[in-house]
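A.B. asks: As they're listed, the protein sequences go chains A, B and C. Position one of the first sequence corresponds to residue 1 (the numbering used here), numbered consecutively onward. Position one of the second sequence corresponds to residue 445 (the numbering used here), numbered consecutively onward. Position one of the third sequence corresponds to residue 972 (the numbering used here), numbered consecutively onward.
The reader is advised that the hints may include incorrect statements.
Here are some chain A residues the structure puts well away from chain B; computed CB gaps all over 12 Å [said to hold, decoys possible]:
(1) T87
(2) N135
(3) G216
(4) G307
(5) S317
(6) A339
(7) T361
(8) D377
(9) V408
(10) G413
(11) A439
(12) A442
Non-contacting residues of chain B with respect to chain C, defined by C-beta distances greater than 12 Å in every case (computed) [said to hold, decoys possible]:
(13) A477
(14) D491
(15) R515
(16) I565
(17) S589
(18) G707
(19) F729
(20) L754
(21) D769
(22) S793
(23) A889
Keeping only pairs whose Cα atoms sit at most 25 Å apart, straight-line, the calculated DMTMM-like set for lysine to aspartate or glutamate is [claimed, not checked]:
(24) K114/A to E698/B
(25) K199/A to E698/B
(26) K96/A to E1240/C
For the record, the hints were derived by calculation from the structure and aren't laboratory data. Positions of the beta carbon are idealized from the N, C-alpha and C atoms, including for glycine.
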Amino acid sequence: MIKRTLAVALASATAVTLAGCGGGSSSGKNSADGTKAGSSAPAKSGKSSAAAAPTAVSTKNPSRDKNADLVIWADATSAPYIKQLATQFGKANGVKVAVQISSDVRGQYGTAFKAGQAPDVIVGAHDWLGELVTNGSVAPVQLPAKVASGFNPKAIAATKYNNQTYAVPYGVENLALVRNTKLAPNAPKTLDELVANGKKLVAGKKATTVLSNQVGKTGNPYNGYPWLSACGGGIFGTKSNGQYDPNKLIVDSAGSVKGASSWAAMGKQHALSTNIDDKNADTLFASGKTAYEITGPWSIPAFKKAGIKYAIDPLPSIAGCGAMKPFLGVQMFYVSSKAKNATVAQTFVTSFLTTKSAQETLFKVGQRPPALTAAYDAVAKTDPDVAKWAAAGKGGQLMPNIPAMNSVWGPLGQAEADIVSGKSAPKARMTAAQKEIAANIAKG
Amino acid sequence: MAVSTETSSSVIGSSPARTPVWALALKWVAIAAALLLALYVASKLADHGHTLAVVGTAFVAMCVLVIYGTRRAVPMKYLFVGLALLIGLQVWPIVYTAMTAFTNYGQGHLASKEDATAQDIAYSVRQVPGSPTYTLTVAVKDGTSTVAGPLYFLLVDEKGHTFVGDAKGLNQLGKNGLTIDAGKITKAEGYTTLNLLQANKRKDLSSFAVPTDGGGGIKASGFAAAYNGKPTLVWDKKADTITDTTTKQVYVAEGAQWVPQSGKGDALPVGWKENVGLANFRTLFTNSTIRDGFLGIFAWNIAFSVLSVLTTFVLGMLLALLLNDSRIKGRGIYRSLLILPYAIPVFVSALVWASMFNQQFGLINNLTHLNIDWFGSPWAARAAVLITNLWLGFPYMFVVCTGALQSLPGDVMEAAKIDGAGAWRTLRSITTPLLLVAVGPLLIASFAFNFNNFGLIYLLTKGGPFTGGNSQLGSTDLLITYAYRLALGGTNPNYGLAGAVAIIIFIIVGLLSFPGFLRSKALEEVN
Amino acid sequence: MAVIDPPAATGQTAATAAGAARQTSSGGSAFRAVWWRHVLVWIAIAFALFPILFVLSAALNPAGTLSTTSLLPKNVSVNNFDALFSDGARPYLSWYKNSLIIAFVGSAIAVFIGACAAYAFSRLRFRGRRVGLLALLLLQMFPALLAFVGLYITFSNVGEVLPKIGLNTISGLVLAYLGGAMGANVWLLKGYFDTVPRELDEAARVDGASHARIFFTVIMRLVTPILVTVFMISFVGLFGEFLLASIFLTDVNAQTLGVGLYGMTLGNESNSLYGEFAAGSVLAALPIMVLYLVFQRQLVSGLTQGSVK
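The shape of chain A in the complex, shown without the other chains (with noise of 0.2 Å):
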């Protein structure tokens, strides 16, 4: 109200004053304005009184959120599986549901919220749980234990924030080996192997790459926390509740500076580099330039189109260190705090969702392993990806949740860019590293 108020009497003061400037070189007997303001855009002003819209532009109105009894954002790729849902869903309770696809759910929704232009139900990671909460944008869901029990209890864990439950999983993502089966016959059990058979591909003219995994020249704390994991580093320790705690960073830790001169080491050899990033890393296995690459789920598509035959293998282990353990990402449904159609939402989140039917449904988006784990039964029966997806990401942590997050990613993956590129010696990079998120975080 007060914004709205204020922007028209500042618009009417500014008119006031240049209309009082006015007059000067008119000097025509009669004036014939009107042609001008009537046939251009209908002179109106203000923002809330705003102008006549140019009504040949409306050529529908594209607006159907008011008419929705479920308006629900998802990105475009999940979006007609999601759609698909959404009829049924409709059609079986008489409820018009709406998906829109938005390019970046996580910061339009924001902005939409601010504005109390939120959608009813949001697809997303569960590392945006932090953040949500923190902002009251999304609310809690209530899981009857017999339906939580049904679940992957990773994907479970992965609702929980503060122990209240904000969301429905659907997939369970993590990162794994996939090796092109032509080129590289056997899986690598350490991550030596994977070096040494790596490098006899190039030295060979086989391939020009030993190992694609995305570095950029900023980093990629996401593909590079497998070597901290393996030698027992990582980025927060844990809290009594099993949270992740902000205040106990572990980047400086031993087993951290130990999976970083791990990343040293593969730089050194060409193994790891900076000029791999999420622009060439997919386009480097799929044209055949290298036997092996660390990715998830989202690249085979691109690799299928390519035609190249590949397998997938659980991340080698590090020598001196152990298994090499990548993050477990998981993909669910919020409902938001400031739902207009919160009943309509609860419903489809709670108990529509949870069936085994709509999770199987969902397995299409990007083919990750469905979080119910009747679903999950199902479709590893059809694809055999599934069953190795899920091998690779055992023992896999959830990617942390908390805001905190939001302030390792540069820093940390900056350190990663300089130790592979041998810019910076390990532990002290490691060091600055932590110092740096430290303050970050204590900065709020």
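We have chain A already, so just place chains B and C on it with the hints.
C.D. replies: This is chains B and C only, laid out in the frame that chain A set:
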């Protein structure tokens, strides 16, 4: 735009031109339409209860009448529509942004204290340990309206016991007269059950609870299930404290958040928005990283924007001059090809250039057989950014200069030629100065645009490479990318701080452009 | 047609060229006089085109990956274009149509508003003229990106009262863009308006023409090149705009090329969409090229004939 040109032939004729009747009629029809529209908008606003906006609309309508209905205020007739749009859609958002600079508005601080606390309490609702979950049927008593009648919960617990709950409490419900299907009551004598759509319209459903012993309440989870939940937080408004009934932790309001009084433990997640005065500005001026990094970033920022304007303008102008010769065949095709970089959306171009600059796999190193780490070393990265920006920007200057060249008076050029001035001298002392009169202000605007060219830097280098073992001060960082990271890249993005940064950048660019302003004044007075 | 003589990149060549240009010449000798211009232009075109070849090559590459090293694709197919037009989740043709509508309508209105303002600033004298002009330029200095949220909230409020021009409507987005109609372009227009001799207005005024008639029938006819130029500039700006449009339009059929294509570059899945994305980007460049080709004549004629009077 559809102004008739039929009359144009007579305009410069000898008889006194009179405004035709149709034009006058059209004018008044348009004014009437505008007033009607204002009336419509005002009535809509009144429906929504925006009294002051109604007054504002009336005022705008009056302006329309005064400006277009009378012969006064001629300049306003030409400026009104544009100005109104400018003020409503550009000035106002800027003022709004500037206003947030004096608040702590940001992640975790979006709502009022009242709302934030309510959210904190809602988040503390837990199912009462050991309590059953129910299947739920939402109903009203027969004869009452489904829209407004008092709500009843018809419940079936896990053991098959049936209950009815209302705002007073929970009671057993005899199975007589009930139809139960798959564990859920579908019909009950004396009650009208609500379907999903009807239940969805009951906005009181989300706050409705059937009170149970021990302070809990049976609440709906969606439309078909219910559980006995209880908030663990209690807000004592008088003392302004919150107590956690399970842990006995007491929270006090501090720094726009509920923090534990004991100092041990976490604050409640949702904080609120409040005014912080000049605190955001103080942060900017006292932060040591900002102080240390500012000069370097500022210097590069200026160099970047000046060089960007200069290179794009020079290339664009030269190409415009080159093609401004009617003897060149295929000029149309040439021009269209030259503006192609302009026609590709900027994020596509940035993506392509970023791939081409890749040290190992990029086209540029491959074609030139160089091994430059374009985005890994500071000077190479700066060069890469400038080259990309030249490519992106020269077509704009080319288009502008081509247009502006048409205004150069042919007789002056002719005269210069007859005087025997060489091409170079004509270019230097006649063409360029004349061109600058027309495009000078655009160069200032272009400078301002590039000064804040967030998109380019963000898409190409994200401000990197970062040297010196941190991730704060990048070699290609502009003030805006640096500020963006600072304000919005931390644990909790702080829009208030971003607003303060915006104000300061606004002032800096304004001051920097001031000499340009003065110059444009001098240039203008020539005419 | 006024002959604006060839100044040139390098002193020497220019001198000879200028000499040659002085003779009115037939086709053959004209080519001799301007061949060096062709050469320079071709160099510039090479610079302008090679990154675009890169996109084109990715679009024609059936594997659908952004090739990292080669300019020319090894295999050529139109698979990616097929995929683009048959992608159920990404209605490319709707995006294309929306972008065209938004860019056409938005630019046309913006040019008109700008021309009106430029006329006032160029021909009429009133208090606050200078200040107003400078204020227009000053407003460009604000980092617009940071004001988007304010704009979004503005339209969210507008939409509450007038849903037709609120969020998620094309007309609302056009309106939002029109807030920038009074920008730096007014300066460009005004600069050009200033070069139209005032004697023309005076003559018309003596004949009793009103200011509106002078504006519509005298001035507007003489400034076509700059109107076309400004139209082009705003068309390009609106056609590919994605930041504002992406927070504005959430309904997939209402989205624009900029939003849709930008969305294809985000997220993990983006790698498998490179082919489609490249194909879409190539096609997105067409309207602007065609438009510029069509407008050539208006662009370089106009003032010169008029000013002779």
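A.B. asks: Does each hint fit the structure? Answer for all of them.
C.D. replies: Checked hints:
1. T87: Holds, because the least Cβ-Cβ distance between T87/A and chain B comes to about 15 Å, which exceeds 12 Å.
2. N135: Violated, because the least Cβ-Cβ distance between N135/A and chain B comes to about 6 Å, which does not exceed 12 Å.
3. G216: violated (9 Å)
4. G307: holds (21 Å)
5. S317: Fine: 28 Å to the nearest Cβ keeps S317/A off the interface.
6. A339: A339/A not clear of chain B: closest Cβ-Cβ about 9 Å, inside 12 Å.
7. T361: At about 20 Å from chain B, T361/A clears the 12 Å cut-off, so the statement holds.
8. D377: holds (24 Å)
9. V408: violated (9 Å)
10. G413: violated (7 Å)
11. A439: violated (9 Å)
12. A442: violated (9 Å)
13. A477: holds (16 Å)
14. D491: violated (8 Å)
15. R515: Violated: least Cβ distance 9 Å, not greater than 12 Å.
16. I565: Holds: least Cβ distance 27 Å, greater than 12 Å.
17. S589: At roughly 27 Å from the nearest Cβ of chain C, S589/B sits farther out than 12 Å, so the non-interface label holds.
18. G707: G707/B is indeed farther than 12 Å from all Cβ atoms of chain C, at 35 Å.
19. F729: Nearest chain C Cβ is 19 Å from F729/B, so the label holds.
20. L754: At roughly 16 Å from the nearest Cβ of chain C, L754/B sits farther out than 12 Å, so the non-interface label holds.
21. D769: violated (5 Å)
22. S793: violated (7 Å)
23. A889: violated (4 Å)
24. K114/A to E698/B: holds (23 Å)
25. K199/A to E698/B: violated (58 Å)
26. K96/A to E1240/C: violated (29 Å)
Checked against the numbered hints given earlier, the structure breaks hints 2, 3, 6, 9, 10, 11, 12, 14, 15, 21, 22, 23, 25, 26 and satisfies all the rest.
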